[in-house]
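K.L.:
The primary structure of each chain is shown beneath.
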Amino acid sequence: MGHSVKRKEDARFLHGKGNYVDDVKLPGMLSMVMVRSPYAYAKIKSINKEKALAIPGVLAVITGYDLAEYNLHWMPTLLSDTQMVLPTDTVMHQSQEVCAVIATDRYIAVDGAEAVEVDYEPMQAIVDPFKALDKDAPLLRPDKEGQKDNQIYHWERGDRAKTDDVIAKADVVVKERIYLPRIHVASIETCGCVASYDKDTQKMLVYMTSQAPHAIRTILALVAGHVGLSEEKIRIISPDIGGGFGGKVPVYPGYVVAIAASFLIGKPVKWIEDRSENLVNGFARDYHMDCELAATKDGKIQAFKVKTLADHGYTDSSANPSKYPTGMFSICTGSYDYEHAFAELDAVYTNKAPGGVAYRCSFRVTEAVHAIERMVDKLAAKIDKDPALLRLENFIKKDQFPYASPLGWSYDSGDYEATLHKAMEMIGYDDYKKEQVEKRKQGKLMGIGICTFTEVVGAGPSKDFDILGIAMFDSAEIRVHPTGKVLARFGTKSQGQGHETTYAQIVAEELGIPYDQVEVEEGDTDTAPYGLGTYGSRSTPTGAAAAAMAARKLCDKGKKIAAYLLEVSEEDIEWEVGKYFIKGAPEKCKTIQDIAFAAYTNFPLGMEPGFEATHYYDPPNMTFPNGAYICVVEVEKETGQIDVKRFVAIDDCGNIINPMIVEGQVHGGLTQGIAPAMYEGIEYDDEGNVLNGTLMDYLVPTAVESPHWETGHTITPSPHHPLGAKGVAESPTVGAPPAIANAIIDALAPLGIKHLDIPITPAKVWEAIQAHSKIE
Amino acid sequence: MKHKITLKINGESVTALVDSRLLLVHFIRENLDLTGTHIGCDTSNCGACTILLDGKSVKSCTYLAVRADGAEITTIEGIAAEGTNHPLQKAFHDQHGLHCGFCTPGMIMRSIDLLKNNPNPTEEEIRWGISGNLCRCTGYNNIVKSVKQAAEELQKESV
Amino acid sequence: MITPYINTYKIMIPSNFIYHKATSVKDAIALSQTHGEEAKFMSGGHSLLPMMKLRFATPEHIIDISKIDGLSYIKEDGDFLKIGALTTQSEMEHSSKIKENYPIFSDAIKLTADPSVRNVGTIGGNIAHGDAANDQPALMLAMRAIIIAEGVDGRRSIPIDEFFQGFYMTALEPTDVLVEIQIPKSKKGSGGAYHKVERKVGDYATAGVAVYLQLDNNGVCQEIGIGLTNVSAVPMRLERGEELLKGKKITEDLIEQVGVVASEDCEPTSDLRGSEAYKRSIVNTITKRMLHAALERAKK
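Residue numbers (our numbering), protein chains in the order written: chain A, 1 to 776; chain B, 1001 to 1159; chain C, 2001 to 2300.
Bound conformation, chain A alone:
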């Protein structure tokens, strides 16, 4: 552990021998293409399959009516809502699946899709979530029993009365409506599957781009059990996955249709999303947050209040643990020590793609942190205090951990002051502050932005966390062969995070078997132990912990075998990584390899042979990584162009398994953080048309937009995790957008601009500058 071991999995990717879902080819495989709605809200009057079926090679056109015969046209979502697999009368968002064409190859399937004739009767879509709650707004979900309006649920946490009281009496209150628009994970590999039903064995094999294959298997068994797909007959294989980021957690209708098609036809069916389908069929974020932060005149924070309107599209298909419809949003109180807070949220239906996906945010932590960090900067500006100083004065102190946050989290550990000081030192904060004074005298717009965040990851302890009822533990099964080599299988699923290397490192660390003799496998539900998959930075908090615990079980068994072989009692055996020896006589030892062999050949009477251990790890708590990010920008007044001059990210993710991989995760997350800060945002017009649904206009950063990131660490181990590690991959997507937004807004402060919503583009900056110069 702690070593920058190069990745074991690289070879196949570098040689073009990765096995992604679109690479899977099975004999007799058919191709499936979706026909999708051009309208955001429309009645379907008829679907005419005739012309499509007349094309040679088109075998079937599956509609909602076909699925309705098997009661498969609707499916449950993870949050107890329902979602159409295929519609029977109404489409609810642009690009919704309408029917599926099955053909002998992809080209013919596309011709078939074009030939399907759908008669739509468009209706006025509801696009504005605030208007969705108007008294005269049409009821979008009449299919839901008891649904009287477009509100999905109301959620609140904290003490409203007390918080209101504190705010009313406070010296200083800053208020703002902060909007985080829809964005998309846009992993370079889109979603897809190959479903293959064998009518003889009655087994359904599905290769799927899934971050959580076991959960998918169980959900499919629950959804389609009534047609004969029972769980032991379903095998999900998540092969190599080209990026997940949360976008490959949901059960997309395309998967269900492909599975149904294969079930009915008895042949393999491949469905791969195109990019322009991918970008408009899911989303993350879309929170309108009305925030209030109250403080003393010296800037001591006293209370925080936030009221959110959450736009979920036409159904709540968010991927959240079921008791947490708003994810971990209640961590919005941030890294600061104060008592009073109140958060409430109303979720609404609109005619947009359903969701949201938990995009590298650990379930709404991006929204929570953006809110508090923008408000802290607003407070600093209002009382004219240095934003770093304001934070240092308000931080939870090192000796206050475990810290009970105002809205009920127990933060495990952290040294926020050290982390921020390190960031300030690394970037040269004081020098930049001086430079800013000079530049402002010259009329130049230079900004410095800080974000100090506390994240909550590692879902999660079974008493609080479940996905559709399934507890969110994770698992490791370690099998040591007679020759001392290892096969380790996990319930998590890497989509690029390097598990084949990091898990091997942990086994090596615990057992002393070289990491290159440890084979790591994930993703095949027939062989891997049950787990909830990889997202929410949970693999290290749960999967790695399970690995450590399983390894320690092996270690304990090994001790008994060592005692037997060395003919002493167990109390006389000591363990030093890789070998057991007699206390006081270290030359009398047995290596772990000796023990492994003995476990199969020469073990104590009555002992179970073999050398294998499985552990299902139920984490006792979440983990709380934190960080301090500082960004320096220059803005050009004439054009609004923004130049990110420096960005320093100091992360504290506890003990580090592989520094090289952690650094790589931070780089990647930072680029996915500057993306929504300055470039990405899904835009709609009044009719619900998506205006930027291709990569031409959905602006994923290239190597040119992505700055040269500077990174560093502080280390405050997690007290409850077996390895002291916390998980890191989502911290940068959480921390970067507020740091960048704060920097740009700071740059514009001399012009009187106090807030801008992300993405902050040059056009937006220019408009703000014009608007403010008119005020003067």
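Take these hints with a grain of salt, some might be off.
Here are the simulated SDA-like pairs of lysine to any residue, each with C-alpha atoms no more than 20 Å apart in a straight line [said to hold, decoys possible]:
{"#": "1", "chain 1": "C", "residue 1": "2067", "chain 2": "B", "residue 2": "1080"}
{"#": "2", "chain 1": "A", "residue 1": "17", "chain 2": "B", "residue 2": "1080"}
{"#": "3", "chain 1": "C", "residue 1": "2187", "chain 2": "C", "residue 2": "2150"}
{"#": "4", "chain 1": "B", "residue 1": "1148", "chain 2": "A", "residue 2": "288"}
{"#": "5", "chain 1": "A", "residue 1": "485", "chain 2": "A", "residue 2": "5"}
If you are wondering where the hints come from, they were derived from the structure by calculation, not from laboratory data.
Bear in mind the structure is a predicted one, so any value in this text is a computation, not a measurement.
The hints should help you fit chains B and C onto chain A, whose structure is shown.
P.N.:
Chains B and C alone, transformed into the frame defined by chain A:
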């Protein structure tokens, strides 16, 4: 309507009958079973499909297979002999220039052309040079380092 | 170019068509005559094929002219720089003659699409499309290019001012092949520059400005051309701005005035790249910067 095409793929001559509208990326992935070249978008933006055609990096999703008649194509599978590594493959491994690996073949093929035209690029030149290849995982820092290491390696080799 | 809504069920496969490989310009013209309206020429294909993949264009015949010999060259001949229409953007990018003597092309090409697209995209294709969002038309207008087309009646020269006629419409007949571009040869006192503001690298222009000018020995501006990118339906010249500068010594004050004229005369529309007001402001700023840059190069 089918056309007969003859071309070289990774040094081997191939003859095939293809539809007018067959895209080169599908010819490579489906007809030739070389699935190392990937598809990531439908508007020629992402670069995951990048190959070398007559030595130049080309987005194979925006090229008709029929037009590749007579061409010499190199894909990721063909840049190094079996069991060896091209300096770029070694560098991406050494510098952790890949996570999920999906953009990697395209990134490497593009980098071969980049380094051919500019054997000693600065960081900025590398970033502009790979601006047609998107990566969502790595944040690009280590891809730049990988290309730099490969540049040094290739310059040593050529001496 | 107006960014279209994507009809969401059309996926990255073109509809069926018949492919023809033209072996010569005459062959291409004959094929075009035979197949009429439903035939389109394809050179680099990086404008046409993307549109076909989204099924916005569904020609029944594609005449591939990319393999015609002898249409790829960069040479100075008499008073002109002559560029073969099939010269790729990449070949222009790496040509030392272009880099040294016609750096305005380097400015534009560096900002056009990305290196792999430039390996295939041709200069001729970038112009023949008639798209005001492409970068080359503004350069052609600024440099007073002459377009050489070959059609059923042989070769003819089309002055650039007659070339762009409407939205995606040029003076080219369906049976015309654009074969060559002629630019007045650079000489002492000539200088040009191009820049476009874009939302990210490789994007079409939010607004772009090409300036090409010729100073005499006394520093008086004898020739001036200003072309604008993506701020009108048809590639446009800033005639009023040119008139302010022609025959004069270019001063700071005049540059300011031309910037204002540019912002007034362009016709941008509000879209995903920004509001009309924002684009007009960009045109003003970039026109001034390009005038400065062109002047500096002219004085070398």
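K.L.:
Run the structure past the numbered hints and jot down the numbers of the failing ones, going up.
P.N.:
1, 3, 4
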